[in-house]
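K.L.:
Sequence:
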Amino acid sequence: MSEPVALVVGIFLMVLGVSFIYKAYQAGIQGRLMYWEGFLPFTIISPFLLHLPAGKRSLVKPAEGLWVHAVMAPIFGVIGILMLAAGADYTGLPGVATLNVAMNGFKWGRSDSVIFNRRTGYQFPIIPRAGKELAKIFGGKIHEDEDQKYSHDQGSYDQAKSSVQ
Numbered sequence: 001m002s003e004p005v006a007l008v009v010g011i012f013l014m015v016l017g018v019s020f021i022y023k024a025y026q027a028g029i030q031g032r033l034m035y036w037e038g039f040l041p042f043t044i045i046s047p048f049l050l051h052l053p054a055g056k057r058s059l060v061k062p063a064e065g066l067w068v069h070a071v072m073a074p075i076f077g078v079i080g081i082l083m084l085a086a087g088a089d090y091t092g093l094p095g096v097a098t099l100n101v102a103m104n105g106f107k108w109g110r111s112d113s114v115i116f117n118r119r120t121g122y123q124f125p126i127i128p129r130a131g132k133e134l135a136k137i138f139g140g141k142i143h144e145d146e147d148q149k150y151s152h153d154q155g156s157y158d159q160a161k162s163s164v165q
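If you're matching positions, the sequence shown starts at 1 in my numbering and goes up one per residue.
It is worth saying that the hints were derived from the structure and are not from the lab.
Take the hints with a grain of salt, since some may be wrong.
[Claimed, not checked] Derived DMTMM-like pairs (lysine to aspartate or glutamate); straight-line CA-CA distance at most 25 Å:
| no. | residue 1 | residue 2 |
| --- | --- | --- |
| 1 | Lys-56 | Glu-37 |
| 2 | Lys-136 | Asp-112 |
| 3 | Lys-141 | Asp-112 |
| 4 | Lys-61 | Glu-37 |
| 5 | Lys-107 | Glu-133 |
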């Protein structure tokens, strides 16, 4: 891809990234999501395609609910951040490098969490590394001491703790 085309593509991706960040704000804080009410396959993907305000007599409708906060806000946020980083890389700025530093706690020299290549797209080496740790967290058993259990009959937690010792 020639350099002027890459610059235009990068600016376009960054504008879309800002739009997705705004959609994440609307979904996360306001709990509102706009969708097109029409042909079902377009209705399903329409939240990702609608970026401009709707007209008065449009088929674009708002959706509200807890699922918008819990599901769509993180999806829009991740898409927005990835588009901003990819757009910055296309324009010659250190987009994914900055994202990796931010994901590593602002410590330089650590392994990359996200890799972006203009030809192949995104790669996420953090997923296989984190998979083992997440399996430990979600698949592990909680070991409880039977003599340390608290019940409501024992009064306060401090009283229950002192009676066991």
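K.L.:
Could you run down the list of hints and mark each one as holding or not?
P.N.:
Going through the hints against the structure:
{"no.": "1", "hint": "Lys-56 - Glu-37", "verdict": "holds, 14 Å"}
{"no.": "2", "hint": "Lys-136 - Asp-112", "verdict": "holds, 22 Å"}
{"no.": "3", "hint": "Lys-141 - Asp-112", "verdict": "violated, 31 Å"}
{"no.": "4", "hint": "Lys-61 - Glu-37", "verdict": "holds, 7 Å"}
{"no.": "5", "hint": "Lys-107 - Glu-133", "verdict": "holds, 21 Å"}
The structure does not agree with numbered hint 3 stated previously, though it agrees with all others.
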